[in-house]
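4 protein chains.
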Amino acid sequence: MSTDTKQANSKNGKLLVLTPGLGAISTTFIAGVESIRRGLAKPIGSLTQMQTIRLGQRSEKRNPLIKDFVNLTPLEKLEFGAWDVIEDNAYEAAKLANVLKVEDLEPVADFMKEIEPMSAVFNQDYVKRLNGPNVKKQTNKMELAEALREDIRNKMKETGSERAVMIWCGSTEVFQHPSECHSTIEAFEQGLKDNDKAIAPSQIYAYAAIKEGVPYANGAPNLSADFKALEQLAHNNGVPIAGKDFKTGQTLMKTILAPGFKSRMLGIEGWFSTNILGNRDGEILDDPDSFRAKEVSKSGVLDTILQPELYPDLYENLYHKVRINYYPPRGDEKEGWDNIDIVGWMEYPMQIKVDFLCRDSILAAPLVLDLALLLDLAKRSGQSGIQEWLSFYFKSPQVVEGHIQEHDIFIQHFRLKNTLRILGGEKPLTHLSENFDGSH
Amino acid sequence: MSTDTKQANSKNGKLLVLTPGLGAISTTFIAGVESIRRGLAKPIGSLTQMQTIRLGQRSEKRNPLIKDFVNLTPLEKLEFGAWDVIEDNAYEAAKLANVLKVEDLEPVADFMKEIEPMSAVFNQDYVKRLNGPNVKKQTNKMELAEALREDIRNKMKETGSERAVMIWCGSTEVFQHPSECHSTIEAFEQGLKDNDKAIAPSQIYAYAAIKEGVPYANGAPNLSADFKALEQLAHNNGVPIAGKDFKTGQTLMKTILAPGFKSRMLGIEGWFSTNILGNRDGEILDDPDSFRAKEVSKSGVLDTILQPELYPDLYENLYHKVRINYYPPRGDEKEGWDNIDIVGWMEYPMQIKVDFLCRDSILAAPLVLDLALLLDLAKRSGQSGIQEWLSFYFKSPQVVEGHIQEHDIFIQHFRLKNTLRILGGEKPLTHLSENFDGSH
Amino acid sequence: MSTDTKQANSKNGKLLVLTPGLGAISTTFIAGVESIRRGLAKPIGSLTQMQTIRLGQRSEKRNPLIKDFVNLTPLEKLEFGAWDVIEDNAYEAAKLANVLKVEDLEPVADFMKEIEPMSAVFNQDYVKRLNGPNVKKQTNKMELAEALREDIRNKMKETGSERAVMIWCGSTEVFQHPSECHSTIEAFEQGLKDNDKAIAPSQIYAYAAIKEGVPYANGAPNLSADFKALEQLAHNNGVPIAGKDFKTGQTLMKTILAPGFKSRMLGIEGWFSTNILGNRDGEILDDPDSFRAKEVSKSGVLDTILQPELYPDLYENLYHKVRINYYPPRGDEKEGWDNIDIVGWMEYPMQIKVDFLCRDSILAAPLVLDLALLLDLAKRSGQSGIQEWLSFYFKSPQVVEGHIQEHDIFIQHFRLKNTLRILGGEKPLTHLSENFDGSH
Amino acid sequence: MSTDTKQANSKNGKLLVLTPGLGAISTTFIAGVESIRRGLAKPIGSLTQMQTIRLGQRSEKRNPLIKDFVNLTPLEKLEFGAWDVIEDNAYEAAKLANVLKVEDLEPVADFMKEIEPMSAVFNQDYVKRLNGPNVKKQTNKMELAEALREDIRNKMKETGSERAVMIWCGSTEVFQHPSECHSTIEAFEQGLKDNDKAIAPSQIYAYAAIKEGVPYANGAPNLSADFKALEQLAHNNGVPIAGKDFKTGQTLMKTILAPGFKSRMLGIEGWFSTNILGNRDGEILDDPDSFRAKEVSKSGVLDTILQPELYPDLYENLYHKVRINYYPPRGDEKEGWDNIDIVGWMEYPMQIKVDFLCRDSILAAPLVLDLALLLDLAKRSGQSGIQEWLSFYFKSPQVVEGHIQEHDIFIQHFRLKNTLRILGGEKPLTHLSENFDGSH
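Chains as they are written, first to last, in the working numbering: chain A, 1 to 440; chain B, 1001 to 1440; chain C, 2001 to 2440; chain D, 3001 to 3440.
Don't read these hints as lab results, they were simulated from the structure.
Ideal Cβ positions, reconstructed from N, Cα and C, are used throughout, including at glycine.
You may find that some hints are simply not true.
Here are the in silico distance ranges between beta carbons for each label pair [what the hints assert, rightly or not]:
no.	chain 1	residue 1	chain 2	residue 2	range
1	A	D313	B	E1347	37 to 47 Å
2	B	N1098	D	R3323	19 to 29 Å
3	D	N3071	C	L2310	15 to 25 Å
4	D	V3102	A	T184	50 to 60 Å
5	B	N1098	C	L2040	13 to 23 Å
6	C	G2039	B	N1098	19 to 29 Å
7	A	E316	B	G1013	45 to 55 Å
8	A	G238	D	L3096	40 to 50 Å
Whenever a hint applies, use it, and build me the whole structure from the sequences.
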């Protein structure tokens, strides 16, 4: 490989974090970063800010913070920009989202009020239960892309940023398979010019970012940058991309639990997952087409982790059912209930029930931060195209064609940290005891 | 290292599995092995029998079964021997334990009836709520040790076994700290001769095994072989040992979940664990001294995984409470309920409740099998003393002095498999993507 | 009223219990009754067999068993008959249903094998996911009714029964509103002759029973006897009827919990109920039309109990959602999970989660017994038409036009017992302390 | 009886509500009443304020509010007084208790700040983990009683109140059985003069109230007024009393669920209840002696409801275990988890798990209000001594010697409402259908 970690570009300049969507997740993210900068909060949930990384043998006691070890952009250097169909500034949008309590939002109100959304590329065909007035007037998709590119350049200039990253924090678009126009760069650009129906807004954002050399990550389950044309473009342009669908809530729990059962060779007969949630996301997912995208994103998880092809006796007949229910009484406070029917020695059944009273945006916000900083690091380190080592953050990790998605959060985490070790010029870990460690 | 894996002794001869204790766990283990041999069951829950091991890059598609890769003793070669204070044979003991249904026990009744317990070394000072007539008459502890050594030699001869392993499947003894007589081999042997009060029956079993060159593992939380004198003896005699306390039920879940939360840098404010169980184990743990041993074994888990010294903001104030309640209505079907108070971005609280309707002996039985086969492998591979790479199986892994216990089940599993790769002459895995993998 | 309790006909003769459907519920019911008669089981879950009834003031200590107080038909006098589309006898059907363990079924195998199903009136238009060969050949609905009447007469003769009752234990038919032909006796009989599409099999059974003077109860949510024409017919013919949908599982819990919250004036913002079940019933309910009937039956419960029209501040905005999921791993062992969002003083929210691991047929079987005996009692006591005092047993109690359904299980129970007191010639209870009791 | 409901004294004058204890419960109660008076909140959880009462047949549609039907003192007429060992005023105490959010407390801050606690009668022998400076100096218990009586008279004068009631909202005192000095009025008064150790502070409060003709209710499980001497005194002085231990949380749920299972004759093999709570109450209950009082209060519930003496087959072997755990992460937000092992037809087991995330003070506050108003009504209606019809509000209802406690919340509720009907000059309800109702 050609990772040139020593020549990673300076991280001194400002980094602009752009989010399509200025809703629950992005306002929680922005308010949090500013609160941390003002010493009012700690970056809980953020690996880049809080996690240490062990280097060498345990006895060496080298455990620097990741952010120091690989020279991540410090929070002080972050700037923010966003697009949204609703005209509310970040403060108003955060109040509406009702994730943060008044007492947590007020101390950064001045900062939040300054962030006004740029007009969005939007089309209700792709997100049925959402609408708003703050929408770009252009009718041609290539022109819309050009307008977004201009937005990016303007916002960088306006904020004095040297670099930028874009993280999709918008709503889930309707389910799509890639079509003809997604297969090559040329086809896609022709599609933009021809207003091809198969090109959804999130794809236009991803295209604009990549064209501008801006790393892109997709926090929702829709296609966005997950097709050949944009992968190729990202590769050609030296732009790292990653996706898709932030791994939070029930799927997070699933990718923690399933590897545990598998490590012990416990069989699984059934896994029933139901969710109740009452936020805008829940309302949008009440639309069957949007739900379909989410469902596909959530379902693959178990199969990939459990490898029923290797373990037919244990996992071949696993009955997996995922349900999402719009249930207004809770707002952003989602609840996921799982029933898992496991099987042990002599095929005796056992049951596990997990009730997770979580908060969607609270779990997602630090992922936005981590992805912004790590994609920026990747770019500065000369990486381009799909960053599989960031699978840790996604429900449905985007992988290079022919590769298998890795869903096991511990393997994902292990890979992430060993990749950081490599990027930082250290040796990867094998967790062998000293007496077995071939590296000694 | 000097592991000479190629010269691992032949695994053709018979292997005798000796269990102090012929109760719920050991009878479930034996009935299961025999059912598997007769084609009536599958070895669910056993890593040695069912798990594959990936060798090289994913694309190489080399995934042999572990048992084939490292030449484990096949089930056909296993013989069984046990000691118990109650005179019931394995069939009667299994019926009393009431773990297996009649329809699962009957098909191997003939085999089980043949297994009669040898008379036990027992003293009610160490296990208060248990008693029985089948006890050795000797009153001197060294003489008791000699009697056990003779039992071992006789049983090997009787069954035509070439090798043996011993797995403690007896009840939990009262809590003890190591004392003077546990510090050196000499002091311990003198203590045996002097009938030192500090020497509990399980220690006499462990001593007898090690003196006979028989690998020893401890499935309960009491001291047994977890002190300097026996560690040294094991090392000197080329005998692998491992312990302690089979990792099942609630602690198993804890070591699956906690690493997940930590990987995401989610804080934890409180973890409340309560258990209800109604088997003999539950009755014994109703005695405060026995419970104390269990409690100590269960409590260290979170601290070691979460490293509050590295992450004070996340885990320093974690309030961890473990309760065990004797509750007869359930018999062997234990239930563990956990409430976990986690904290995310901006210090917002979330809650997780886990209800695990498990079966103690069903979860423990395959661990007996795995430990027997892996300790035998270790011995044949020239290993001796504490086998930290078997931490995967224990609530409170026994480690070499100065080493830190590893409780994270995924690191334990990773280490176990990388150790097997080394023992099998392959390279350890780092989970790096090809483009980052320095080994290429 | 004209209840002539003293002249209730003799209960000495045999009572024939007829069940359309010889599946999980009816075979569990029959096997249970026979086991009780043979002294192998106790009639747990049956009010008629086990419950006492307090007469007079507490201090009088008069607490006879209900069955003795009102002279119910003793179990020894029960005979059984059934119709089913599948030809299995009761023993085979019970094995297939897999509710009872082998060891509980075998001791009554001889008795069960004797019960062969009569050929059924069936039409797949009404129950889509079921089929079988044991179906009556007649094509005209009136002729089918005549055939059933003949079955009843034959079976009574064959078993030497003096009286009979019929309890619908068949599958849920598709949802229907009453239509034209359900409005009068004449219209209904014309409809039978004309093969009116609106007349489902369960209605033909109910008609046949009522014409034969046989009391009828409906354990499923479909229309059956719940319309004007059959109510009128029952009234005219002196036949008691009751329905509908056995109150078991989650709805049982709901009608226990909701009256409790209401008694304390605790508000409810949301009630989310999900079910997982894997038996034939679950499969049938996977058909949206059948589910619709069930859903309607389950939904009304909360509204009627909570009276949002009287308590708008507490219950007007209650968000009630019921989900049923087919989930094969469990068989007959249904699981219902409820989340209830309640509100207290100063509008502070609280949550209750209820997880009910129940068994459908085990809960339903004693209801079949109670209804058979109580309907027979009602008939012997001169009652006719809808028996509202049996609401205790139903998810969706059938009531006389203009009456309000009562769902509160405690009011239902109270009414049931006060009705029995009246039928037995005693005074109803008011639960007043002596010093407040106006009756003294 | 001689209830002279028509001559109930005027309710026009002010009613002073006195609470020993100005902590979580009483400040939540006071803040709530004032918020309701200012139109900022609704009296959720209060039967006296929100519940209607059906009079006559359903068809008559007479459903007045209880408060109008029996002429309860309106909230506008309430005044407040309290004693506490800590000098904080009600506003400061409420902030410390941390039950109400800042935004709910601030709008009534002016009112709360005016309520200063009178100096308390306190002795740490009875409540070990509590202390404070605001304590009366007298050392003789009779003198302390006199001082409290003076406080009552002064506070009534100061607030211009015509009548008063006292509700114990203080901490749980250590467990006691009644002793010699509790048996007669004379012995008790002598004990006060002699500083008898057996007389705890809460008893001195109760004595003072009764001597002043002030109705008294006890919200905690300690003895207080639950012994012969004070019962007799209350009776002689025409003072209604009631107790003890507010029925909230887990016990509330238990008295809702158990009557439901019993109505259906479902057996119960085990009921395991565990609680985690982190407020001052939890800390105090961590003291084994205080817990003992609570445990006794909580344990009797099931036995009385289930009547194992009548139903040995169903409830004789019920294993009931209650655990309370101090767990700081939650503060006032208590959580109760119950596992219930029920048994149905053919002795098949089923399980129910209930997880109640409740708030102690939110559930208790409206009970303080109801008891104050209903005891005042009782007094005005000429009642005296123990008011069993108020059992609805208590975990351990105080009853006249020889009477059986009633724990079934539905019978309690039924009795409460029928008593109100009598007090309001109406007929009690029997819930009979019209055609069975002998009263017609």
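Legend entry - Numbers of the earlier hints that this structure fails to satisfy, in rising order: Hints 7, 8 not satisfied by this model.
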